[in-house]
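Asker: Using the sequences and the hints, build the whole thing.
Number of protein chains: 2
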Amino acid sequence: MISMKFEKTPINTLKRGAKKASYDKEVVYGILDATEICHIAFTHNGKAFVQPINFGRFENKIYLHGAYSNRMTSKLIATKEVCLNVTILDAMKLTRSAFHHSVNYRSAVVFGRVKELISDEDKLHGLKCIINHFVPNRWEHCRPPNQGELKATRVLEISIETASAKIADTPPSDNKADLELDYWAGTIPVKTICEYPKPDMHMKKDVKIPKHILDFYANKK
Amino acid sequence: MISMKFEKTPINTLKRGAKKASYDKEVVYGILDATEICHIAFTHNGKAFVQPINFGRFENKIYLHGAYSNRMTSKLIATKEVCLNVTILDAMKLTRSAFHHSVNYRSAVVFGRVKELISDEDKLHGLKCIINHFVPNRWEHCRPPNQGELKATRVLEISIETASAKIADTPPSDNKADLELDYWAGTIPVKTICEYPKPDMHMKKDVKIPKHILDFYANKK
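Chains as they are written, first to last, in my numbering: chain A, 1 to 221; chain B, 1001 to 1221.
It is possible that part of the hints are untrue.
[Claimed, not checked] EDC-like mimics (lysine to aspartate or glutamate), calculated; alpha carbons at most 16 Å apart, straight line:
hint, chain 1, residue 1, chain 2, residue 2
1, A, K204, B, E1081
2, B, K1221, A, E195
3, A, K220, A, E195
4, A, K204, B, D1178
5, B, K1205, A, E180
6, A, K211, B, D1182
7, B, K1191, A, E36
8, B, K1211, A, D182
9, A, K204, B, E1180
10, A, K47, B, E1081
11, A, K191, B, E1026
12, B, K1204, A, E180
13, A, K208, B, D1182
14, B, K1061, B, E1026
15, A, K220, B, D1090
[Said to hold, decoys possible] For each label pair, taking beta carbons as the anchor points, the in silico distance ranges come out as:
hint, chain 1, residue 1, chain 2, residue 2, range
16, A, E59, B, I1037, 27 to 37 Å
17, B, L1150, A, E140, 55 to 65 Å
18, A, M201, B, N1045, 21 to 31 Å
19, B, M1004, A, N60, 25 to 35 Å
20, A, S159, B, E1081, 26 to 36 Å
21, B, K1008, A, E140, 37 to 47 Å
22, A, H44, B, S1003, 17 to 27 Å
23, A, K176, B, I1037, 22 to 32 Å
24, B, A1034, A, K208, 45 to 55 Å
25, A, I209, B, E1149, 44 to 54 Å
26, B, T1192, A, T79, 30 to 40 Å
27, A, L214, B, I1037, 27 to 37 Å
28, B, P1210, A, H44, 41 to 51 Å
The set of hints was computed from the structure by calculation and includes no laboratory data.
By construction, the Cβ of each residue, glycine as well, lies at the ideal position given by its N, Cα and C atoms.
Answerer: Written out as C-alpha cells, the structure reads:
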C-alpha cells in the first residue's frame, strides 16, 4: 500500500514551528498545485544558489524544463538531487508588539531525486504536466512541441523522496500584557488573483475565450 | 561617487535572457521592496537548501531575523555569504504553441556578505528595517522589542555585494507560422492584492484603522 504521508527523516522534519507542520502528501501536493513558480536550490562551485522556475506536478513527480545550456538544470543533473520550495503568502498579521508581527502562509519544501528525461515520449509527458500545471487542460488546447522544439528542450523529472508542508493560519497573537496598548492590531489578508484574460493582438475578433481559460480565471479572480 | 549600478561579475551576469537583465540598483531595490518574502539558499552537509523568510531592506543592506536556534541563520553566519531571490509573477502568457508559453515577472537575485548584529542598537536598527519593510511606518505604531525579546532574536545584516534583476514584460509571442492556428492565445494578468484590514478580536470597537495601515492597503488593493 502506498503511504499517504511522506516519511519523516532528519532532512524534512521541522524543528521550529512543528505544530504547523504536515507530512501529508495531499497537503504538500495541494500547495504545489496552487503555485506557478517554485524556488530551486543548487550548488555551483561549492556555493548555494537559488533560482525561480515554473514547474509541473503529476502524482509524486515534479517536472522542470529549460534549454540545454541552462546552468541550473545542468547542476541538478550533476548532483542528482534537489531541494525546492513553494510559498504562498495568505495574510500579514500585525500585533501591538513589533516582536509578534508575522504572516499566515502555506509553504512546502520538497527533496527529490533528479533524472533527465531522454525519450521523446517521456519528454512529452513531462512537458504536458508542466503545461497542464500552468493552466489545467491547456495541453489539449495548444500545438504540441514539434521535433525541433523537443530537441531544444531539456526536461527533468524529480521523484519526490520526502517533503514537508508548513501552514500558518491563525489570528495575530500578542502577549496579554500588551492587549491594553493603544496600537492597532489585526490581519491584512493577501491574495494572488488573476485579471480577465486578454486575447493577443493576432486573435480574430470573434474568437470566444475557451472554457479552460475561463475556468482557470474563475478559480483565481 | 557611489555607482548607480551593481558591478557585473561572473556570479551575477545573466547568460540566458540577457535582454531582460538589469543591474540598476534602483530596479533591484524596487523589486525587493515590492516583496514580503525572499527565498534564501544555504548549504547544510554540502547540500543546497532553500527556505522562505521575510526580510527588510535599507539602502544597500538586507536584514533577516530569527531565533538563535534557527538552522538557516546559523548556516549563513558560518558561510558568511548568501544568495537570495525574490520573484513577482505579473502575467501568464498563453501561446498557440506549447513551446512558447511563458510568464511576465520581476525577479531579483542578490549576492551578499552576512554579518550577525550584536549590539542592541544595531539589532534594533535591523528589526526596524524589517518591520518597516513589512508595512511602511509600522515601527512608529507598535511597541518596540523589550530586552527579553531582543535577547531572543538573532538579527543578520546582509551587505549586497552584487545583484541582478530580470524583468519580462512583453506580449505572448508565437512563431509566424502558428498565428493561423485555431487556439486561443493571450495574457492572463496576475496580481497580489490585499483585502480590507480586519482588526483583531481584542481591539476596541471604536478604534479607527490608522493611516499607515490604510496607506498600505490602498497600495495593494
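Asker: Hint by hint, note whether the structure agrees.
Answerer: Okay, the hints, checked on the actual structure:
1. A:K204 - B:E1081: violated, 52 Å
2. B:K1221 - A:E195: The hint holds at about 13 Å.
3. A:K220 - A:E195: holds, 8 Å
4. A:K204 - B:D1178: OK: K204 (chain A) and D1178 (chain B) at ~13 Å, within 16 Å.
5. B:K1205 - A:E180: holds, 13 Å
6. A:K211 - B:D1182: holds, 14 Å
7. B:K1191 - A:E36: Cα-Cα ~13 Å, so holds.
8. B:K1211 - A:D182: holds, 14 Å
9. A:K204 - B:E1180: holds, 9 Å
10. A:K47 - B:E1081: Between K47 (chain A) and E1081 (chain B) the Cα gap is close to 9 Å, so the pair holds against 16 Å.
11. A:K191 - B:E1026: With Cα atoms ~26 Å apart, K191 (chain A) and E1026 (chain B) exceed 16 Å; violated.
12. B:K1204 - A:E180: holds, 9 Å
13. A:K208 - B:D1182: Between K208 (chain A) and D1182 (chain B) the Cα gap is close to 11 Å, so the pair holds against 16 Å.
14. B:K1061 - B:E1026: holds, 13 Å
15. A:K220 - B:D1090: Cα-Cα ~14 Å, so holds.
16. A:E59 - B:I1037: 27 to 37 Å: holds, 28 Å
17. B:L1150 - A:E140: 55 to 65 Å: Once the Cβ atoms are compared, 57 Å apart, the range 55 to 65 Å for E140 (chain A) and L1150 (chain B) holds.
18. A:M201 - B:N1045: 21 to 31 Å: violated, 52 Å
19. B:M1004 - A:N60: 25 to 35 Å: violated, 48 Å
20. A:S159 - B:E1081: 26 to 36 Å: holds, 31 Å
21. B:K1008 - A:E140: 37 to 47 Å: Since K1008 (chain B) and E140 (chain A) have Cβ atoms about 43 Å apart, the given range 37 to 47 Å holds.
22. A:H44 - B:S1003: 17 to 27 Å: At roughly 26 Å between Cβ atoms, S1003 (chain B) and H44 (chain A) fall inside 17 to 27 Å, so the hint holds.
23. A:K176 - B:I1037: 22 to 32 Å: Between K176 (chain A) and I1037 (chain B), where Cβ atoms are some 29 Å apart, the hint holds.
24. B:A1034 - A:K208: 45 to 55 Å: Given a distance of about 35 Å, which is not inside 45 to 55 Å, the answer is violated.
25. A:I209 - B:E1149: 44 to 54 Å: holds, 52 Å
26. B:T1192 - A:T79: 30 to 40 Å: holds, 32 Å
27. A:L214 - B:I1037: 27 to 37 Å: holds, 30 Å
28. B:P1210 - A:H44: 41 to 51 Å: At roughly 46 Å between Cβ atoms, H44 (chain A) and P1210 (chain B) fall inside 41 to 51 Å, so the hint holds.
Taken one by one, the earlier hints fail for this structure at numbers 1, 11, 18, 19, 24, listed in ascending order.
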